[in-house]
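Student: The primary structure of each chain is shown beneath.
2 protein chains.
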Amino acid sequence: MSTRQDTKKAVLLLSGGMDSAVCLAKAIDMGHDVYALTFDYGQRSRVELDAAKNLAKKYGVEKHIILKLDLSKFGGSSLIDKDMDIPTERSNGVPSTYVPGRNLIMLSVAVSWAETLGAGSVFIGANVRDYSGYPDCRKSFLESFEKTADAATKKETRISVKAPLLMMSKTKIAETGRDLGLDFSLTSSCYNPAENGEPCGECESCKIRQKGLADAGVKI
Amino acid sequence: MSTRQDTKKAVLLLSGGMDSAVCLAKAIDMGHDVYALTFDYGQRSRVELDAAKNLAKKYGVEKHIILKLDLSKFGGSSLIDKDMDIPTERSNGVPSTYVPGRNLIMLSVAVSWAETLGAGSVFIGANVRDYSGYPDCRKSFLESFEKTADAATKKETRISVKAPLLMMSKTKIAETGRDLGLDFSLTSSCYNPAENGEPCGECESCKIRQKGLADAGVKI
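Protein chains in written order, with the working numbering: chain P, 45 to 264; chain X, 45 to 264.
Bound conformation, chain P alone:
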């Protein structure tokens, strides 16, 4: 195990969605050696996993690990529970697509890998503006998590949590990806795609994505 830290090395959470893809393009642009981590947590959208693989390949990441973690055993979210409907309208408060503790879990695993690698940071494409209803997308959570990760790891380990898209609007995210030459057709953001991978066009994630891309003048 490496105990010396390498600030060039970064673990990046890559879902295959638009935000994580822009986050990847950004981390690469910042000069990081990226170790991409994708969760197969029982999400309905299997297309996301293929998107993550294609993005990792396209950007030539150092390593890409897909970890199975079957949170659908807990139920409770329409993203993983097939008996619940995916909402098509914006909800007040926390939407049913919220998977309890998802970012907490994913960041924890990223920190585990980062400590093993001796990496200095973990990247997450969390965004507070479009997902204000998700408690684990807030800055206060990310700051608190960074402190906890520091307490959880060895004395000499310092891992910073980087969320470069946190305060961006979806339009700004689309523009950032566009300016970094991201091929958005490689990404998949739909909560409820058809068998062949086509996005539904109706879920909240599809709508936000379409508007962001249109505003940034990106055509796919």
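Calculated directly from the structure, the hints in this document are not laboratory data.
The structure presented is a predicted model; accordingly, all values stated were derived computationally and were not measured.
It is possible that some hints are incorrect.
A pair counts as met if it fits within one copy or between any two copies, since identical chains are not told apart.
[What the hints assert, rightly or not] As a list, the in silico PhoX-like pairs of lysine-lysine whose alpha-carbon atoms are at most 20 Å apart:
{"no.": "1", "residue 1": "K255", "residue 2": "K198"}
{"no.": "2", "residue 1": "K117", "residue 2": "K101"}
{"no.": "3", "residue 1": "K117", "residue 2": "K53"}
Using the hints provided, position chain X relative to the given structure of chain P.
Tutor: Just chain X, lined up with the frame of chain P:
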């Protein structure tokens, strides 16, 4: 999803080892409805998983979930990396059996389930005295984690992290289990058991356990 919290309901991390078994006996004794969570994280000791199943059954927990999470993909710990030797002597500093971020990850998943269930607490059998080299067994980590879990979850969610064995010596843990009528033969603590499940008797975990049980006058 339940949004009202039920302080009787508790999620408990159950490895199948002696500490988590005593923690289970304690939580049941405190009157909790226990939801037991076990990780199959690629540990060498497969016997632990059977021990966890038998303990869950014996204590009649509300539900027992075994989640696969293959941390051996990251390597870096002798508990999960078959190319590394299990140490038989106490090490200075962090031992090679340390799995980076393990308690951070397991607690995060426990919090996810607890929020879905509306449970008021998560129990972990962490113990600082015998595992002082593991950073994620310290009180400062657990306190920090509780704050982070609060930031990660919904406004109305309050989940307390309970580690009743944290400051106990191994002897005290053995005595506690003994006084609660725990059948220690159901537990498995060895880092490196034989194929048939027999403990090696030589790893640090075996030695600490044997001493604790002997001091408490427990015979198995």
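Student: State for each hint whether it applies.
Tutor: Results for each hint:
When the C-alpha separation of K255 and K198 is checked against a cutoff of 20 Å, the pair qualifies neither within a copy, at 44 Å, nor between copies, at 28 Å. Within a single copy, K117 and K101 get their C-alpha atoms only as close as 31 Å, which misses the 20 Å cut-off; across copies the closest is 19 Å, which meets it. Taking identical chains as interchangeable, the C-alpha atoms of K117 and K53 lie at most 20 Å apart only when they sit on different chains, with a minimum of 17 Å there against 33 Å within one chain.
Hint compliance for this structure: hint 1 alone is broken.
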